[in-house]
Amino acid sequence: MKQYDAVVVGGGHNALVTAALLACERWKVLVLERRGVLGGAASTAEILPGCAVNVAAQDAGLFPAALAADLGLTGHGLEWIRPPALATSLTGGGEALTLWRDPARTRDEIARHSRADAARFPDWADHLRTMARVLRVALDHPAPAPHDMTPRERLRLLRPLLRAGRLGKRTLVELLRVAPLPARDLLDDWFENDALKGMLGSTALAGSRHGPSAMGGAFRIIYHATGGEPHGFRSSAFVKGGIGALSAALAAAARAHGAEIRTGAEVERILVDDGTATGVALTGGEEIAARRVISGADPRRTFFRLVGAPRLGPEVNRKVGNIQLRGTTAVLHLLLDGLPPLPEAAERLAGHTLVAPTPDYLERAADDAKYGRCSARPHLDMVVPTLHDPTLAPDGRHLASIQIRHAPYDLREGSWQDDATRDALLAGALSVLDDFLPGMRDRIVDHRLITPLDLETEPGLTGGDEYHGQMGLDQMLFMRPIAGWARYRTPVEGLFLCGSGCHPGGGVTGGPGRLAAGEILRERKQAARLSGRS
Amino acid sequence: MARKYDAIVIGGGHNGLVHAAYLARAGLDVCVLEARPLVGGATVTEEIFPGFKYSVFSYVVSLMRPEIIRELDLPRHGLAILPLDSTLTPLPDGGRLYRDADHHRTWREIARFSIRDAEAYDEYGRSLFYMARAVKHLLGIAPPDPARLRPGDIRGLLGLARHFLDLEPDQLHLLVKLMTMSAADFVDEWFETDVLKATLSASGIIGTFLGPRSPGTAYVLLHHYMGEIDGHFRAWGFARGGTGAVANAIASAAREAGAEIRTDAPVARVLVSNGRATGVALANGDELHASVVSSSLDPHRTFLDLVDADELPGDLVSAVRGYRFRGSSAKVNLALDAAPDFTCMPGHGPHLRGAVSISPSIDYLERAYDDARYGDYSREPYIDIVIPSAIDPGMAPPGKHVMSCFVQYAPYQLREGTWDEKREAFGDTVVDTLARYIPNLKDIILHRQIVTPLDIERTTGLTQGNIFQGELTPSQLFFLRPATGYAGYRTPVRGYYQCGSGTHPGGGIMGAPGKLAASRVLADLGRQRGRRRGR
Numbered sequence: 001m002k003q004y005d006a007v008v009v010g011g012g013h014n015a016l017v018t019a020a021l022l023a024c025e026r027w028k029v030l031v032l033e034r035r036g037v038l039g040g041a042a043s044t045a046e047i048l049p050g051c052a053v054n055v056a057a058q059d060a061g062l063f064p065a066a067l068a069a070d071l072g073l074t075g076h077g078l079e080w081i082r083p084p085a086l087a088t089s090l091t092g093g094g095e096a097l098t099l100w101r102d103p104a105r106t107r108d109e110i111a112r113h114s115r116a117d118a119a120r121f122p123d124w125a126d127h128l129r130t131m132a133r134v135l136r137v138a139l140d141h142p143a144p145a146p147h148d149m150t151p152r153e154r155l156r157l158l159r160p161l162l163r164a165g166r167l168g169k170r171t172l173v174e175l176l177r178v179a180p181l182p183a184r185d186l187l188d189d190w191f192e193n194d195a196l197k198g199m200l201g202s203t204a205l206a207g208s209r210h211g212p213s214a215m216g217g218a219f220r221i222i223y224h225a226t227g228g229e230p231h232g233f234r235s236s237a238f239v240k241g242g243i244g245a246l247s248a249a250l251a252a253a254a255r256a257h258g259a260e261i262r263t264g265a266e267v268e269r270i271l272v273d274d275g276t277a278t279g280v281a282l283t284g285g286e287e288i289a290a291r292r293v294i295s296g297a298d299p300r301r302t303f304f305r306l307v308g309a310p311r312l313g314p315e316v317n318r319k320v321g322n323i324q325l326r327g328t329t330a331v332l333h334l335l336l337d338g339l340p341p342l343p344e345a346a347e348r349l350a351g352h353t354l355v356a357p358t359p360d361y362l363e364r365a366a367d368d369a370k371y372g373r374c375s376a377r378p379h380l381d382m383v384v385p386t387l388h389d390p391t392l393a394p395d396g397r398h399l400a401s402i403q404i405r406h407a408p409y410d411l412r413e414g415s416w417q418d419d420a421t422r423d424a425l426l427a428g429a430l431s432v433l434d435d436f437l438p439g440m441r442d443r444i445v446d447h448r449l450i451t452p453l454d455l456e457t458e459p460g461l462t463g464g465d466e467y468h469g470q471m472g473l474d475q476m477l478f479m480r481p482i483a484g485w486a487r488y489r490t491p492v493e494g495l496f497l498c499g500s501g502c503h504p505g506g507g508v509t510g511g512p513g514r515l516a517a518g519e520i521l522r523e524r525k526q527a528a529r530l531s532g533r534s
Numbered sequence: 001m002a003r004k005y006d007a008i009v010i011g012g013g014h015n016g017l018v019h020a021a022y023l024a025r026a027g028l029d030v031c032v033l034e035a036r037p038l039v040g041g042a043t044v045t046e047e048i049f050p051g052f053k054y055s056v057f058s059y060v061v062s063l064m065r066p067e068i069i070r071e072l073d074l075p076r077h078g079l080a081i082l083p084l085d086s087t088l089t090p091l092p093d094g095g096r097l098y099r100d101a102d103h104h105r106t107w108r109e110i111a112r113f114s115i116r117d118a119e120a121y122d123e124y125g126r127s128l129f130y131m132a133r134a135v136k137h138l139l140g141i142a143p144p145d146p147a148r149l150r151p152g153d154i155r156g157l158l159g160l161a162r163h164f165l166d167l168e169p170d171q172l173h174l175l176v177k178l179m180t181m182s183a184a185d186f187v188d189e190w191f192e193t194d195v196l197k198a199t200l201s202a203s204g205i206i207g208t209f210l211g212p213r214s215p216g217t218a219y220v221l222l223h224h225y226m227g228e229i230d231g232h233f234r235a236w237g238f239a240r241g242g243t244g245a246v247a248n249a250i251a252s253a254a255r256e257a258g259a260e261i262r263t264d265a266p267v268a269r270v271l272v273s274n275g276r277a278t279g280v281a282l283a284n285g286d287e288l289h290a291s292v293v294s295s296s297l298d299p300h301r302t303f304l305d306l307v308d309a310d311e312l313p314g315d316l317v318s319a320v321r322g323y324r325f326r327g328s329s330a331k332v333n334l335a336l337d338a339a340p341d342f343t344c345m346p347g348h349g350p351h352l353r354g355a356v357s358i359s360p361s362i363d364y365l366e367r368a369y370d371d372a373r374y375g376d377y378s379r380e381p382y383i384d385i386v387i388p389s390a391i392d393p394g395m396a397p398p399g400k401h402v403m404s405c406f407v408q409y410a411p412y413q414l415r416e417g418t419w420d421e422k423r424e425a426f427g428d429t430v431v432d433t434l435a436r437y438i439p440n441l442k443d444i445i446l447h448r449q450i451v452t453p454l455d456i457e458r459t460t461g462l463t464q465g466n467i468f469q470g471e472l473t474p475s476q477l478f479f480l481r482p483a484t485g486y487a488g489y490r491t492p493v494r495g496y497y498q499c500g501s502g503t504h505p506g507g508g509i510m511g512a513p514g515k516l517a518a519s520r521v522l523a524d525l526g527r528q529r530g531r532r533r534g535r
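So the sequences go chain by chain: A and B. Going by my numbering, the first residue of the first sequence is number 1, and it counts up by one from there. Going by my numbering, the first residue of the second sequence is number 1, and it counts up by one from there.
Errors might be hidden in some of the hints.
What the hints assert, rightly or not - Some chain B residues close to chain A (C-beta under 10 Å, calculated; not the full set):
{"hint": "1", "residue": "R148"}
{"hint": "2", "residue": "F164"}
{"hint": "3", "residue": "P169"}
{"hint": "4", "residue": "R213"}
{"hint": "5", "residue": "R262"}
{"hint": "6", "residue": "R373"}
Worth flagging that the hints you see were computed from the coordinates, not collected in a lab. C-beta atoms are modelled at their ideal positions from N, C-alpha and C, and glycine is treated no differently.
Please take these sequences and the hints and turn them into a complete structure.
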């Protein structure tokens with residue numbers, strides 16, 4: 001039996017980051033991906049004939065440039081696209097409000113709706129940038145472990161504390177005040193125009209089932225602005241060739257350092273001997289031995305399906321069972337024979353295109369989900385990747401990938417397996433599109449709907465939760481994935497987690513993968529030091 | 001000649017009175033100014049309908065700090081707290097969940113729904129008890145200011161860090177959950193029975209403009225768990241003679257210590273000269289002078305109404321403007337000709353001496369919130385009922401009853417119409433909702449008093465009718481209450497202090513803000529506490 005230093009379960013982007021970073025340290029690493037494509041929720045696949053479709057994740061704006069540089073991703077074919085439009089909000093009747101990367105242009109655009117808001121927007125952009133910079137410090141370091149305050153741990157806290165301290169005491173306190181606020185309250189403090197508030201508030205809905213009045217929304221607005229230099233909105237950036245090209249570049253980097261990557265290799269269970277992970281067993285019976293097993297799957301899948309609940313104590317079982325995995329997003333992919341008839345469509349549709357006309361609209365969309373129903377009038381977030389890369393669709397056609405919120409995974413009535421449920425969701429989304437982008441419907445040549453249940457079966461997201469756990473303040477830092485196990489270790493010796501279910505959280509950030517690799521390397525060094533001493 | 005005092009306290013609510021009592025006991029010449037003819041603020045008992053005494057606003061006691069009761073010797077001044085230790089949650093189908101102090105009976109009652117829940121119930125109670133004990137420490141200290149970091153602040157923060165890091169890991173994690181989760185999610189981690197979850201999480205929405213599924217409500221739940229009567233946490237009580245008896249006892253203690261209490265004396269503004277408070281001007285034009293002026297009113301009145309914005313730094317003014325009140329609750333007080341007869345527990349049983357909670361399911365509470373979010377009062381509101389006359393027969397004529405109904409949600413800002421127009425319709429909604437569980441109710445109502453958020457504001461002065469002088473959400477707690485950098489009871493105007501529920505540790509009949517603010521004043525005056533009167 002072949003022995004690896006580490007076997008990585010799953011080929012999502014975080015798993016690939018961990019694999020690549022460990023391989024850089026000359027670890028013998030094997031990545032096992034169940035599916036034929038790499039990238040997990042950040043993959044591009046031909047789910048419409050002749051098209052390369054970003055199945056779930058669309059945007060890679062949170063992926064840090066430093067990490068991309070460390071791994072030499074541009075050398076492996078990664079090409080960033082940062083379109084001049086950040087986002088366009090459809091406000092009804094063919095009207096639109098666009099936020100541009102160019103602040104002057106944004107100001108002019110907002111001034112058409114509200115002069116006061118236009119005047120305040122530069123300050124807002126500064127404020128958001130400052131808050132994001134403070135949050136960044138927390139995201140760049142392993143979560144503090146308040147339950148383990150050994151002198152060594154205290155020492156580790158020093159660096160982030162000093163870095164945060166340099167940003168100013170008042171700024172830190174301000175983040176404490178702002179982060180728990182409802183998105184709505186935060187935006188009401190700044191702006192008067194509903195269209196602008198709906199647009200900015202929509203970011204708070206990503207990663208949560210809650211509407212804009214629920215607390216913690218401001219935190220998500222800031223979280224989504226932690227990549228690159230945000231301009232008053234989420235950090236957004238796309239990848240040439242689709243988001244899968246990022247995963248492909250990560251895989252190429254890992255391979256270049258000697259990692260092995262096998263697709264079509266499904267891990268059936270993690271082998272545990274006397275409380276220690278010893279390797280994995282694949283469907284089909286093959287067993288692979290490894291000193292470390294690192295799971296990129298979400299924590300519930302890792303513990304309940306791959307390790308098995310009986311191997312965990314009742315306390316851990318309870319905590320894993322209580323992780324809030326609440327998928328609420330469906331994705332509708334449309335093949336279009338032309339751009340929708342919006343003035344300056346090619347320019348305005350190049351970022352995110354949103355149906356989030358007012359905070360109340362978002363509120364009502366989320367209300368339905370509270371009672372286990374699909375939103376009758378959902379919030380939509382559309383990306384047209386063919387505007388940056390025409391090769392993704394054949395014959396000059398366009399692809400539009402639309403995230404539909406809210407479509408709860410756990411429906412109270414009906415099931416995602418019923419055609420009626422899927423048809424109703426599709427009809428609802430199309431009717432909203434009709435209202436906000438009149439004429440779009442006539443351009444549709446083909447479509448493919450990915451429900452939350454599909455997200456669970458295909459990339460393997462438990463509960464269809466693309467963030468591997470809701471992005472609420474109660475599932476952050478040392479509370480993520482479960483309290484007491486926030487340092488990528490698990491109650492099973494030698495088993496680590498590296499997916500979005502860990503600190504700092506979900507989105508295409510590479511953060512959990514990077515920090516997990518750091519912790520795994522540290523643990524190894526510690527173990528070596530201890531054995532050297534004995 | 002204007003009279004000169006050592007200290008003037010604006011507002012004779014329970015915090016203003018506690019504040020005055022502590023200052024007077026330290027030897028200061030103190031005057032309390034109350035706008036209404038009676039003291040108490042929102043802590044009053046009034047005979048609105050002849051023979052029937054209503055606890056018009058606040059209706060139960062439990063948060064009152066035991067050290068204040070002890071130090072001011074309130075029982076000697078007439079305070080007697082009668083236990084209120086059962087909760088009945090009636091269900092629309094005639095079923096019920098009844099919990100009382102009898103452990104076995106409660107176990108059996110919950111086990112009718114779920115044995116698992118019955119087992120978890122004790123564990124849940126114990127956990128919250130530990131949490132309340134851990135947080136209790138905070139109720140007794142003035143918040144340090146991490147934005148300034150003077151030596152005292154650093155000491156305070158280190159002390160806090162030590163306090164919390166000394167907790168067991170599990171307890172620390174539980175505390176973080178309580179600070180960040182929704183009440184519904186929090187109880188969902190323990191229980192599976194919907195009605196049990198609903199009635200427990202209802203404590204998390206009281207006085208806030210959030211639904212049970214909204215993060216942040218778990219803290220309010222804990223806040224209501226911090227009640228302590230004779231050393232028992234989560235013991236709710238009812239003051240003999242109604243809530244006003246609490247204020248009267250404190251007022252009596254303050255008077256005994258030498259404080260003067262003037263009623264019908266509304267304050268128009270605080271006199272400021274060269275950045276220093278010198279006294280107050282009353283609405284009738286009289287001026288009273290003092291070197292210390294403490295406001296027990298809410299932050300909006302304390303900073304925006306009583307002093308000139310020019311006297312304050314811009315960041316404070318804008319912070320107070322952004323400070324969230326959002327009154328969300330109302331009261332309906334009923335005078336009844338007979339005892340209410342509940343379908344689920346007919347007759348005159350012990351349940352009438354406890355609380356009754358109309359919170360049949362989480363969805364019910366959430367829907368009630370949905371209505372309010374769009375600017376309407378709940379069509380089927382959450383109602384928390386006590387029947388004071390069943391506990392203290394002196395509250396109503398023999399054989400008759402008063403019923404106090406706390407109703408949520410009743411948003412201060414209505415999307416359509418005004419509260420003056422909608423008052424009666426709202427009262428009908430409440431009575432209709434109640435009648436579903438109490439079929440004889442409509443026949444026995446002799447009088448009803450409807451107290452809308454607007455009425456609360458008009459009568460007590462609480463901005464937007466918020467019973468806590470501002471929402472108890474994480475952004476408005478501890479060193480953020482009422483604003484970053486202004487949480488230490490001082491204000492930028494020298495000699496002007498804040499001592500109401502709008503400061504740490506917040507609302508409820510707790511008295512802690514009044515006492516902590518008094519310590520601040522006395523420390524600033526460089527006096528030893530307890531120094532004898534007469535220099």
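Hints and how they fare:
| no. | hint | in the structure |
| --- | --- | --- |
| 1 | R148 | holds (8 Å) |
| 2 | F164 | holds (7 Å) |
| 3 | P169 | holds (3 Å) |
| 4 | R213 | holds (6 Å) |
| 5 | R262 | violated (38 Å) |
| 6 | R373 | holds (6 Å) |
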